[in-house]
Structures are given as C-alpha cells and as structure tokens.
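Letter by letter, the chains look like this.
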Amino acid sequence: MTANDLDPRHDYPLATRRPELLRTPTGKTLDEITMAAVLAGEVTAEDLRITGDTLRLQAQIAESADRPQVGQNFRRAAELTALPDEKVLAIYNALRPRAATKQQLLDIAAELERDYAATLCAGLVREAAAVYERRDILAP
Amino acid sequence: MTTMSAAADGQPVPPRRSKRTEILENRPVNLDGFVEEWPEVGMVAMDSPYDPEPSLRVSDGVIVEMDGRPRAEFDFLDQFIADHSIDVAAAPAAMARSAVEIAHLLVNPQVSRDEVLAVSRGLTPAKLLEVVKTMNVVEMMMALQKMRARRTPANQAHSTSARDNPVQVAADAAEAALRGFRELETTLGVVRYAPLVAIALQVGAQTGKPGVLTQCALEEATELELGMRGITGYAETISVYGTEPVFCDGDDTPWSKAFLASAYASRGIKMRFTSGTGSEVQMGNAEGKSMLYLEIRCILVTKGAGVQGLQNGSISCIGVPGAVPAGIRAVLAENLIASTVDLECASGNDQSFSHSDMRRTARLLPQLLPGTDFVCSGYSGVPNYDNMFAGSNLDPEDYDDWNVIQRDLQVDGALRHVPEAEILAARGRAARALQGVFDYLGLPPITDREIEAVTYAHGSEDLPFRDVLEDLKGAQSVMDRGITGLDIVKGLEAGGFSDIAETLLGVLRHRVSGDLLHTSAILTPELTTLSAVNDANDYAGPGTGYRPTGARWEEMKRLRHVVSARNPEEEVG
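Chains A and B, in that order, are what the protein sequence lines are. The first sequence maps to residues 1 to 140 in the working numbering. The second sequence maps to residues 1 to 573 in the working numbering.
Keep in mind that a hint or two might mislead.
Mimicking EDC-like on lysine to aspartate or glutamate, the simulated pairs with C-alpha atoms at most 20 Å apart in a straight line are [stated by the list, open to error]: (1) A:Lys28 x A:Glu42; (2) A:Lys102 x B:Asp251; (3) A:Lys87 x B:Glu37.
Hint data in this document are derived by calculation from the structure and do not stem from the laboratory. Just so it is clear, the structure is predicted and the values come from calculations on it, not from any experiment.
Between the sequences and the hints, there should be enough to build the whole structure, so can you do that?
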C-alpha cells in the first residue's frame, strides 16, 4: 500500500487524514480494531504493530517536512518489520562494543540482505564493522 | 575584621563571628557543592581552551576534516557526525557565517525557524558551541522560544515508589495525568518488579487522563521488550555519550544506538535519546573537552541517527555543571542547540541538585519561560523519598508554587490546579482499575485496604506493605506468559472499566499508524496526534506563537485559595 507525494499539511496524521492507507500486519483496517473484535479474539497483539509500508509512508512525511535522517530511520525500521523480535534484539546486542567479531558483523549484514532484503540495515552494520575495526572495538 | 585576642589564661580566643555570616552559612544553598574549574579534565562548562576551533573541509561530497581533525583521525563520534548528521550541501555556506551572525538569526524573532534550520543543518559541533558562547541566557531563551519544535509546550512527570509498590505508582500516575502531564516515566529499585510497575503506570495514566504516554526506564534490551509487548508506550533513556571511551563504557556505539532507534520505530514505538552535560567527566573520560562541547556531539549523534528527539539538560549529571561557573547557562544552551537542530527537546529539570528553593527555581525558569517540548523530563509526581531517579528538581510539594508562578507570569507550564475531590476520585479509581487487572491476570491481589490507603496517601510511608516475593513471582509470570498491552485492555474491560479499556486500546492502536513517531509527538486527551508536523512552532515575535489565552488562561488562574473580589469572606471555586 503506497501513495505518491504525501503532503504533511494535508495527509498527517495518517490515522485521521488518510486512514484508508493504513493496515495492520494481518491486513485489518484501523476501524476493525474494536473492543468487540479484541474480546472475540479476532484482534491480537500482532495487529497492534506497524507495517513496512506504513513506515515508508511516514518516511515520506518526514522527508517532505525536511527531516531526511528521520526518514532514513523510518526506512531502516520498515526493513526491520520483517524480522522477529528475538533477531532484532540479537543484532542490537551484536552491535555493542566488543560484542562481535568483524566476520560476525559481516555475516549479520549478509543475512539481513539475503533473507530480509534489509539493504539499509545491512549498510549500517557493514559501516559499523569498518569503524569498529578502525577504532579497535571488535570482539577479540 | 576580627582579630585574635588572648584570654586571661593566654589561650587564643576564636575570632568573633558576624551574626549575619552565621545566618548565611546556614542557608540551604551552602549545602550545595561548588568546585573550581579544571579544564584539563573537562571540569568546565563551556569555556575551555582545549575545545577545538571550528573547521570543515568537504571533498567529493564527503567531510574530510572537521573541527581541526582530519578524517583519518576521526573517532567514531566524529565519523558518525560527519557522515550522518551534517548536511554536506549546506555546510560550506553555513560554516562561512560568523558565530555572531548565526546567533543573530537565532535571537531575532523575525528570522523564521525554517531559515535558522537551513543554516544549523550545516554546522559542526565546535561551530555550534561558538554560536552559543556569544549568547547570554536571555538571548538563549528568546531563541528557544522560537526554536522549540512543537508549538504547544508540554510536561512530563515521574511516578515511582521506594517500595516499587504498583498500586502507589498507579495512583500517582492518575493524579499526575489529571494535573496535566502528557508523558509519565517510571523506574525500579528492584528491576524484576518492572512488569507490574509498568502495567500500573499504564493503567494509572489512562485513568487520570486519556492519551498520556508511558515509559519504564530500564537497561536497553529489557526496555525494548516491554515496549514491544505494548506494556509501555515510548522509550527515552536510550543514552548517548560525548566521548568514544565513555560511550563504550556505556556499552554502546552510535551505530548500535541508531539500530536500536530503528528497532523501536519498526514496532511503532515512539522514542528519544538521552544525553547531558557532565556525563563524560563524571564517567572519568572527558578527553579534556568542555561539558557543552561534548554534549553537542551527543546532540548531533541523535540528529544523525534520525531520532526525533532528545532528553537533555544535564539530566542525572546536573550536579556536575551545577558545580562550576556558567553551568546552568550551559544547560540552557544544550536545550537550545537540540531545538536548533530540529530535535524534540525534553528539557531536564528532572534531578535534584540543590538544597535551595531559589536555586531550583532559577534553574527551572530558562526552560519554563520560553517553553520547551517537555519543560520537565520529569517532574517528580511522588515525594522525594519515593523518587527512584534519586529525586527531581520539582516534586508534589511544589505543585501549588508551580501553578502560582504560571498565574503570576502568564506562562504555560502545562499544569493546572485540580480540586482535592477530583484527585481523590482519580487516585481511587486508578487503584481499583489496577485491582481488576491484577485479578484478571492472576497476579497477587490488591486489597480494598490498599486502595483506601493509596487514595489518601502522600507517599509509600503511608501505605501497607505488599508481599514482595509474591509480586516478583507475578512479575516473572507476566514475562513468561507473554502478557501484552492487549491483555491489560481485556483486564480493564473484565473489571468493569470499559472507558479506560477503550482508551488504552486507542493508545495501542496508534502503533499501527506511526503518527506518534514524528518529532515532538504527543496524544491529546481526544487521542489525536499533536506533533511538530501538524503543530509547528510559528513564533515570530510579539503577538505571535503560542500564548496561553481563553479557556486555558482561565484554567491557569485557578489556585487552591483565591479570594472573591466581591466578597473577601468567600473563596472562588
């Protein structure tokens, strides 16, 4: 679900101005997240998450509001929606000082690209591997 | 002048003291800690001979020299800032302007915020420092009034308990929400209590006023997990530091923090970084730089990571700049610089640093008067002894003074006086709602005796003890069973608190849209998003920008005791 040329002045907040663009990861609309649906078990915790498509819409909003780095953060986040929680936490921990070897970081980057099409995140991890090597903060 | 004199037996008599000196010696301010500057170790606020001169060289779209350092010698902060934070296209023209010229752009209300951002995006840390060094605190406040990202100021409070008592946290959260705070923060004495306390904060907040966002300050990975489950609403204590060795001692790098920021966004959770003057010298490795220079590096790391905002204003290190000359000026400068590079700023006033009431207020005014995105980050909603952040600059005993100052100066600090009956009702209801949730989740019960006690209590000393071991087992079961925010919604509904259940569901539903991820985003009590995107600060001098008027000003006029003009025997409600 994408939209061209979102205008922050007219389209934000998306929930109020452009709700038709929004879906939960299971394909529900915002209107379908009701108390009745929750109690009937039709809405689960999986539904209360953001999709990659929505994050890319919000990235457009940020970029139109002249916040390119915020937009990049949201685009990395869009890639990470595909990863399970445990993997996200594991990669974060691997990026901490002296937590991983250069090869381990490069393997993580390769996995991000190969298995999740997470090219921006892979780039961040490769950049980290290079800096950590130069600054001597890789695992021995 | 006094002189030694000899007593009849030849022993020296102590010099006669001035009675006035004795009174002054015993003033609370003389219990505070003051130290001389020592620039070599970084014990200096903003005026160090060892801070670098600003410089910038760009080659083929890449920064090859910054603030006197060639690229080959960049530490990881320099590299992250050079490659992610500074707008290389804007930088040469921006750096060519003099510091005074840029300061004028900041102070002059007729220069728009956007015009300032077009320049600030190209400035190095040393250049930003040079700019604020030309400004006194009045000029900085004028600039902050314009550079604050969100037009409407807001406020944040702490709700914690010396016993990690969840019932107390819920009741104080409800009261704080009712008084006007739009974000609430908790933390633990015993970290294993976190799930229960975080649930309590969420329930109490939504009971007091719909749409308050909640956070639980913990170690990074645990905090992310609670957020992922929807038990908390946002995260703030994602710390960044201004020297490479201190960052590593904090067990992170700009890259790990940037990844963590994207991880939060990938789950639709709002977050900001935290930094503050004094952390590097406190952690023993300031590399001989001034506190403010190092803090500016933190601010630019935040910018480069694409994080929407920053909590700064020294934060837990406030005693450090507070001890040296111009320290509180530097603290204002760091809030200003965060806003100047287009970040949301949650501006400190959150840690006790002085025994003097005058000094506490003087430290507060530079953020309160111009307004910031969150004037306090946070105000203690519990008595000092219950504050598990080791005490804040303000606490519940200051509520009435705060409201009077708002009314005296017609300045909106985002709080309001609330009559006692309303407060008691909210506190009691929050405790009852939590009782229902604990019952539904099979957690250790909350008794009616506890509810009664917490309704009328000031602090944990007024409350019966809970069975801590049983609570900790319950807390562990929350994690083991995979309890989420949705379970809290169901628990509220099952307990007969449908309106609060509906509210919490509405707050959780916002994760789907990501509207709250943007700069300075908060929820209104109607659960709509207000942020720098749709409530941009348009201050442009007298008669413009946010000013408390109309219904809000009427609300600010109300205090605990206001005498009727027509009949001084009566008080107005």
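Evaluated hints:
1. Pair hint lysine 28 of chain A plus glutamate 42 of chain A holds up; C-alpha atoms about 10 Å apart against a cutoff of 20 Å.
2. As the CA atoms of lysine 102 of chain A and aspartate 251 of chain B are separated by approximately 17 Å, the hinted pair is consistent with the 20 Å bound.
3. Distance hint between lysine 87 of chain A and glutamate 37 of chain B is unfulfilled; the C-alpha atoms sit about 47 Å from each other, more than 20 Å.
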